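Colleague: Sequence:
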Amino acid sequence: MEDNTNETLEKLKTRLLHQRITDWNSDNLVLENGARVSFECTAQDCCAGANGEWKAAKLEAMITDVKFANYREYEDDATTKYVELKIFHNQNEIAQADLYADNGNGSYYFSVLSVFINEEEIGDILYS
1 MEDNTNETLE KLKTRLLHQR ITDWNSDNLV LENGARVSFE CTAQDCCAGA
51 NGEWKAAKLE AMITDVKFAN YREYEDDATT KYVELKIFHN QNEIAQADLY
101 ADNGNGSYYF SVLSVFINEE EIGDILYS
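According to the UniProt record's numbering, the sequence shown is numbered sequentially starting from 1.
Quick caveat, the hints were computed from the structure, so don't treat them as lab data. The model shown is predicted, which means the values in this text are computed figures rather than measured ones. Keep in mind that a hint or two might mislead.
Pairs of lysine-lysine, DSS-like flavour, derived with a Cα cap of 25 Å [to be verified]:
1. K67 - K11
2. K86 - K11
3. K86 - K58
4. K55 - K11
5. K58 - K11
6. K13 - K58
7. K86 - K13
8. K55 - K67
9. K13 - K67
10. K86 - K55
11. K86 - K67
12. K55 - K13
Make the full structure from the sequences, and use the hints.
Modeller: Pasting the structure below:
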């Protein structure tokens, strides 16, 4: 994982803990205070890219922990980095987002994936 990922995770925890999930789709996780959590490729060159997508969420459960899990890299014509953002109520997973960033054709380029709450950039998650 990237050097500043722990800082991003701590900022996320500050904003998400003790909130309840009220709605979700693949682009946004919506909390009871109206906050929307989303992901965006904030920097990239040429054919590199990064994205994040919410895959599942259980509504009305209070958030008690936030973690990154299953970090992995895959190298082929490009290097692609993957990680999951998992949200928990006690020890039960209540939401998950699948995240990736790649460095494009021939690994000559770069991309950065960042997390946002209500269009405010919280921090970077992946660089490739």
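Colleague: Evaluate each hint against the coordinates.
Modeller: Now the hints, each set against the structure:
As the CA atoms of K67 and K11 are separated by approximately 12 Å, the hinted pair is consistent with the 25 Å bound. A hinted pair counts as satisfied when its Cα atoms are at most 25 Å apart, and K86 with K11 qualifies at roughly 15 Å. The hinted pair formed by K86 and K58 meets the criterion: a straight-line CA distance of about 12 Å does not exceed 25 Å. A hinted pair counts as satisfied when its Cα atoms are at most 25 Å apart, and K55 with K11 qualifies at roughly 22 Å.
Between K58 and K11 the CA atoms are separated by roughly 22 Å; this keeps the pair inside 25 Å, and the hint holds. At roughly 18 Å between alpha-carbon atoms, K13 and K58 fall within 25 Å of each other, so this suggested pair holds. Annotation: proposed proximity of K86 to K13 holds, straight-line Cα distance about 11 Å (limit 25 Å). For the given pair, K55 sits about 15 Å from K67 by alpha-carbon distance, which is consistent with the 25 Å threshold.
For the proposed pair K13 and K67, the alpha carbon gap of about 9 Å is at most 25 Å, so the pair holds. Annotation: proposed proximity of K86 to K55 holds, straight-line Cα distance about 10 Å (limit 25 Å). With a C-alpha separation of about 5 Å, the suggested pair K86 and K67 falls inside the 25 Å cut-off, and the hint holds. The suggested pairing of K55 with K13 holds, with an alpha-carbon distance near 20 Å, which does not exceed 25 Å.
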